[in-house]
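S.K.: For the protein sequence lines, the chains are A and B, in the order given. So the first sequence is numbered by the numbering used here: it starts at 1187 and just counts up by one. So the second sequence is numbered by the numbering used here: it starts at 1187 and just counts up by one.
It is possible that part of the hints are untrue.
Think about it this way: if two alpha-carbon atoms lie no more than 27 angstroms apart in a straight line, the pair counts; the simulated DSSO-like pairs of lysine-lysine are [said to hold, decoys possible]:
| hint | chain 1 | residue 1 | chain 2 | residue 2 |
| --- | --- | --- | --- | --- |
| 1 | A | K1373 | A | K1203 |
| 2 | B | K1373 | A | K1203 |
| 3 | A | K1373 | B | K1298 |
In case anyone wonders, no lab produced these hints; they're calculated from the structure.
There are 2 protein chains.
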Amino acid sequence: MNKGKTFIISGPSGVGKSTVLHALLEKRKNLYFSVSATTREPRPGEEDGIHYHFLNVDTFREWIAKDEFLEYAEYVGNFYGTPKRYVDAAMIEGKDVILDIEVQGAIQVTSKRPETVRIFIAPPSWGELERRLTERGTDTPDKIQKRLLRAKVEFQTAHTYDYFVINDTVENAVNELDAIMTAEHCKPQDRMEIISAK
Amino acid sequence: MNKGKTFIISGPSGVGKSTVLHALLEKRKNLYFSVSATTREPRPGEEDGIHYHFLNVDTFREWIAKDEFLEYAEYVGNFYGTPKRYVDAAMIEGKDVILDIEVQGAIQVTSKRPETVRIFIAPPSWGELERRLTERGTDTPDKIQKRLLRAKVEFQTAHTYDYFVINDTVENAVNELDAIMTAEHCKPQDRMEIISAK
Chain A
1187 MNKGKTFIIS GPSGVGKSTV LHALLEKRKN LYFSVSATTR EPRPGEEDGI HYHFLNVDTF
1247 REWIAKDEFL EYAEYVGNFY GTPKRYVDAA MIEGKDVILD IEVQGAIQVT SKRPETVRIF
1307 IAPPSWGELE RRLTERGTDT PDKIQKRLLR AKVEFQTAHT YDYFVINDTV ENAVNELDAI
1367 MTAEHCKPQD RMEIISAK
Chain B
1187 MNKGKTFIIS GPSGVGKSTV LHALLEKRKN LYFSVSATTR EPRPGEEDGI HYHFLNVDTF
1247 REWIAKDEFL EYAEYVGNFY GTPKRYVDAA MIEGKDVILD IEVQGAIQVT SKRPETVRIF
1307 IAPPSWGELE RRLTERGTDT PDKIQKRLLR AKVEFQTAHT YDYFVINDTV ENAVNELDAI
1367 MTAEHCKPQD RMEIISAK
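So that you can see chain A by itself, here it is in the shape it has in the complex (with noise of 0.2 angstroms):
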């Protein structure tokens, strides 16, 4: 069994990024989302392992001295990080595992792991994402303002990217995902194990 690799999908509010992530998981079986750990109370509803692992803040402390995140951050006086065990317990059993991070933490697990492939979802324009953060009615009008600068900000970083994907419609973003999954897996470094089994 071939095992499996790690894709960063990262992408601006409002780019309708986890509409595209469903549809890919009902797609292409075989994926494990990775679920972040973090330390703030677990909401109504929210269960651990699911929504969140939820640690407390020394046993997160504990899990950042060992290393043990492919990469964390504090907000709002919370920590919020994507363990490392989670991840390659899934690669281990075949399973490709989707890192749905933004750009900052992209950097970080990159840093630890440059065979991780990047992948940005764009809008297919500016005033298309104002559109889709205004429909949504979960934001103020100064609030998608600020949005919009942050998508602007984070947008300089997409050339870094190994992948960009335009996510006009769903179908296309979803047929880009899965192929750029499928040839990944085409990389001869993947494939070493045939080519010397020969």
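Since the structure of chain A is provided, determine the placement of chain B on it from the hints.
M.R.: Here is chain B on its own, set in the frame of chain A:
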């Protein structure tokens, strides 16, 4: 419209490359199969521009002098080569170009155009390649052994290719080639215009 890309497909005799490429053309429109130029005489039924671009020796030498070939070689007294002009015309039209060439030609092309994507098609095993060559019924046992030896030598360079596709079934091989071509169009350098237009 996006510019097309050039894909080199190499693989040993008997691996089933032409079956796979014909199926790929069914699945993926907008492909141009590069037609080689040659100085050998047309055989009955061969048409200029379809099976080969038939050139006289003087013209071929002139094209060499003008750097008009992506690669060329002499084989039993005749020249064979890949003219740049048809490849470039197709790419400008937005078509992806397939170059069905062997390992030496691939080295020449990528030294001129490092952006060319190289895909090696391999048999699932040497035993299976031998079986396919035998079943084809066109070669003597001695010739089959020579082809196998040549395949094993060419195979030593497979790790220098960008992708490695195993032709276990035509369907799998075509799916992988299709995915590779889609994924390659998601590279940021191919979408820089979209990025900069934002």
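S.K.: Taking the hints in turn, state whether each one holds.
M.R.: So, going through the hints one by one against the coordinates:
| no. | hint | in the structure |
| --- | --- | --- |
| 1 | K1373(A) to K1203(A) | holds, 26 angstroms |
| 2 | K1373(B) to K1203(A) | holds, 19 angstroms |
| 3 | K1373(A) to K1298(B) | holds, 22 angstroms |
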